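Asker: Chains as they are written, first to last, in this note's numbering: chain A, 1 to 112; chain B, 1001 to 1356; chain C, 2001 to 2340.
Because the hints were derived from the structure by calculation, they are not lab data.
Any given hint could turn out to be false.
[As the list claims (entries may be wrong)] In silico lysine-lysine, DSS-like type, Cα no more than 25 Å apart, as pairs:
1) C/2207 <-> B/1244
2) C/2083 <-> C/2303
3) A/68 <-> C/2273
4) C/2002 <-> C/2023
5) B/1008 <-> C/2242
6) C/2066 <-> C/2002
7) C/2186 <-> C/2164
8) B/1244 <-> C/2253
9) C/2207 <-> C/2188
10) A/68 <-> C/2250
11) B/1123 <-> B/1140
12) C/2303 <-> A/68
13) B/1167 <-> B/1325
14) C/2151 <-> B/1008
All values derive from a computational prediction rather than experimental measurement.
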Amino acid sequence: MSIFGFRISPSSAMNLDTIDRSRFEELCRIEPDAARCMSCGACSATCPASEFSGMSVRKVLLCLQRGKEEEAFRMMNNCMLCGKCTMVCPRGINTRHLILSICRIYDKEDKR
Amino acid sequence: MIYQGKQKIWSDYQKEIPDDHWFYVRSCIRQNFFPGSERMMMEICRNVLGKDFYETEHHTTCGGIAYHCDTIPQETAMTIVARQFALMTEAGYENYVASCITSFGNYTEILETWHEFPELEAKIREMLWKACRKEFNKPKYLAHSSDLIYKYRNDIAEKARFRLVDKENGEPLRVVEHIGCHYSKMFPSKGVGGAEYPYVLAGMIESWGGNVIDYPERRHCCGYGFRQYHVKANRGYSLSNTHKKFESMEPYKPDMIITNCPGCPYFLDRWQYVIAEMEGKTYGQNGYGIPVLTYEEVAGLVLGYDPWDLGLQLHQVAVEPLLDKIGIEYCAEDKYKGLNRKDIMRPGLPENLKCF
Amino acid sequence: MKEIVVIIGGGIAGLEAATQLLKLGYSPIIIEKNDRLGGHVARWNRLFPDMTPAKDIVDDLIASSKDANIFLNTEISFVNRLKDSYNVMLSNGISINSRFILYTTGFRLFEAQKKEEYGYGVYNQVLTNADLENWFNTDKDKRISGKDIRKIGFVHCVGSRDEKARNSQCSKVCCITAIKQAIEMKEKFPESEVFCFYMDLRLFGKKFEDFYTKAQRDHGIHFIRGRVSEVSENINGQVIVKAEDTLAGKPLKVTLDLLVLMSGMVCNPDSTKAASMLHLPIDSDGFLQSSDNVFHITSSPRKGIYYAGACTGPKTVPETLAEARSAVLDIHSEITAGKK
Chain A
1 MSIFGFRISP
11 SSAMNLDTID
21 RSRFEELCRI
31 EPDAARCMSC
41 GACSATCPAS
51 EFSGMSVRKV
61 LLCLQRGKEE
71 EAFRMMNNCM
81 LCGKCTMVCP
91 RGINTRHLIL
101 SICRIYDKED
111 KR
Chain B
1001 MIYQGKQKIW
1011 SDYQKEIPDD
1021 HWFYVRSCIR
1031 QNFFPGSERM
1041 MMEICRNVLG
1051 KDFYETEHHT
1061 TCGGIAYHCD
1071 TIPQETAMTI
1081 VARQFALMTE
1091 AGYENYVASC
1101 ITSFGNYTEI
1111 LETWHEFPEL
1121 EAKIREMLWK
1131 ACRKEFNKPK
1141 YLAHSSDLIY
1151 KYRNDIAEKA
1161 RFRLVDKENG
1171 EPLRVVEHIG
1181 CHYSKMFPSK
1191 GVGGAEYPYV
1201 LAGMIESWGG
1211 NVIDYPERRH
1221 CCGYGFRQYH
1231 VKANRGYSLS
1241 NTHKKFESME
1251 PYKPDMIITN
1261 CPGCPYFLDR
1271 WQYVIAEMEG
1281 KTYGQNGYGI
1291 PVLTYEEVAG
1301 LVLGYDPWDL
1311 GLQLHQVAVE
1321 PLLDKIGIEY
1331 CAEDKYKGLN
1341 RKDIMRPGLP
1351 ENLKCF
Chain C
2001 MKEIVVIIGG
2011 GIAGLEAATQ
2021 LLKLGYSPII
2031 IEKNDRLGGH
2041 VARWNRLFPD
2051 MTPAKDIVDD
2061 LIASSKDANI
2071 FLNTEISFVN
2081 RLKDSYNVML
2091 SNGISINSRF
2101 ILYTTGFRLF
2111 EAQKKEEYGY
2121 GVYNQVLTNA
2131 DLENWFNTDK
2141 DKRISGKDIR
2151 KIGFVHCVGS
2161 RDEKARNSQC
2171 SKVCCITAIK
2181 QAIEMKEKFP
2191 ESEVFCFYMD
2201 LRLFGKKFED
2211 FYTKAQRDHG
2221 IHFIRGRVSE
2231 VSENINGQVI
2241 VKAEDTLAGK
2251 PLKVTLDLLV
2261 LMSGMVCNPD
2271 STKAASMLHL
2281 PIDSDGFLQS
2291 SDNVFHITSS
2301 PRKGIYYAGA
2311 CTGPKTVPET
2321 LAEARSAVLD
2331 IHSEITAGKK
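Isolated chain A, as found in the complex (with noise of 0.2 Å):
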């Protein structure tokens, strides 16, 4: 292999043709709420973890709807679990609720 100084980048793009979303689609059963986020932004606004460590819950529901799994964990790592985002979301998602779903499916996939 001829070493040119440079490679072929890797696109930033999401392939929404190559994305798995069977366990999206299973959180969305166990958390019917899951879907109906519209990324408003409140919940990151009010998480006392954000602006410290990037946590969202908004990115990660947007994370797991576009395959980007890993990315959505190492966010959620950071989640306290205080409950304020529950309070602030317009949608009333229990966001709370929700987050301890996500770590139980994709836990179980993981272990599987």
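Start from chain A and add chains B and C according to the hints.
Answerer: Chains B and C in isolation, oriented as in the chain A frame:
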């Protein structure tokens, strides 16, 4: 694909191209990249079709690369262009044809800018006068040289010795057409067929017997993008764009690619070697690449010119399988003989991309 | 003698206005350029948010306005202004004198092929909202019927909020129509995945938001914030859509079996033509200009000339019907005031 839908769009983007009497300006880089192309343009227009094409050794770069790389202000590019127009005016021409796509885009952009801002035109006239005591008329018609080959495509087809078909079975060749970004993306109405479905090269392919392939990344840039290639740190972006296009066209098994820009054929050709080295992947049949040709080279081939006189030995990707498929005769031994049969020496051959 | 009111346009606004004028004892005359009544709504299948069959509404309106004088296949040749009335000359040679003209000339659906990058008319599997309604009505469209449809996309704002397409206005109904059609397609193809590409979701009307959350929660429709930039066709004849997921800040692509373009409402050139005969002002968006946009949306600056419905800008069905009634009330007030 609904062909009639494209025809409808093509009919909306017809541009007036006078038949004769053109002032021709060359590209900065094409003579190094594809030395036979501009010579063939003159050969076809003057000697085969008997048209009046005027050239002067006094013309310079249009300043396009420097302008797009942000190293000169637009006023400088405009003054350079004004001088070219002065040369045209002095020679008694009013139809201006550029060999380079970026030049064509640059000229178009400048003429449109002057149209919108006449005070800027007045300023440039003054600057040109101060700089070199020249005055100019704006061209009555501006064309890219592929517009002219498009215009003459049926005359060329009539005189052609070969067609873009497989000589074994008479099937049309599968041809990818690639249009330089600056041809019509900035001003869709200035290009034959517009910007989304340009017809300028597709028209030639159809006229010369080939089948045009419309693949998903057809409109995508070749990847050259001055600031991507010329800055080494960004060079991977250039390669990645080309790679994306090849991945997208691969399922269609193209026989060849035809282009109308100075940079595109160069990068689509050379990056095939780089991709082969990096990834071990080739896109042509049997380990070869997909030959990438300029429209002048293709015109020269169908008219029956010797491939080595067209400069096809300077391509990275071997053109021989394509020549064999069409049935164009060539002398393999003469490939690396230059003018007057001078030996120009054989290059080293790559490992992963099959070449001769 | 009964007061004559000329109504230009036999869509739902014209029919509703005729119905109300008849109830008040006037004599409405509907001039319709096409060979049928009901305008755009007659071509639609079901209406948001209650999934009311469009046919029921149009049939009811036609029945209730049947006593009006109706000229189909008829255009306005010219209109002359007399001392305190108007002389309307029709293409069938009939001349009408009336003190009142009601413009219910409606809108025109944006021609989706103008957005060349979306490939309508070029790529097989690209259709418009109107094509889809037609399929709902007729079950005949070779792009859909009998096909294995697994992935469907909806592009909002096609020709709306698009200065390059010379329509900077929001067409108002496309967001909710996309959601309605997305749900309908999901019901017809339960195994399919449905994507809506939007710039902003503008769901202002009654129960519209409920519709949206229902689409998300009950039908699993994916909403992607980002304008589709380019559509192409792959070797299998599917369409490939490129957009940016602006919430994720990343470019995105997806391969679809069907792409539906939500063509917006643009001004009707026939409306402009009819307005120019009386030198009525045209607004910057190309629609007819009301005498003001808050208090007198159905009034023109000219005495005796009124507007109702989408001729002054994109409107929903209930808004159009309400305007028709409102314009009739204005006309009635003017007539009764004159009699005092």
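Asker: Hints first: check each against the structure and report whether it holds.
Answerer: Hints versus structure:
1. C/2207 <-> B/1244: Roughly 45 Å separates the two Cα atoms, so the pair is violated.
2. C/2083 <-> C/2303: Judged against 25 Å, a Cα distance of about 11 Å means the pair holds.
3. A/68 <-> C/2273: Violated, at roughly 54 Å.
4. C/2002 <-> C/2023: holds (12 Å)
5. B/1008 <-> C/2242: Given that 25 Å is the threshold and the Cα spacing comes to 24 Å, the pair holds.
6. C/2066 <-> C/2002: holds (17 Å)
7. C/2186 <-> C/2164: violated (32 Å)
8. B/1244 <-> C/2253: holds (13 Å)
9. C/2207 <-> C/2188: Distance of about 23 Å is within 25 Å: holds.
10. A/68 <-> C/2250: holds (12 Å)
11. B/1123 <-> B/1140: Holds - the C-alpha atoms of residue 1140 of chain B and residue 1123 of chain B are around 21 Å apart, at most 25 Å.
12. C/2303 <-> A/68: violated (63 Å)
13. B/1167 <-> B/1325: Given that 25 Å is the threshold and the Cα spacing comes to 6 Å, the pair holds.
14. C/2151 <-> B/1008: violated (29 Å)
Checked against the numbered hints listed earlier, the structure breaks hints 1, 3, 7, 12 and 14; every other hint is satisfied.
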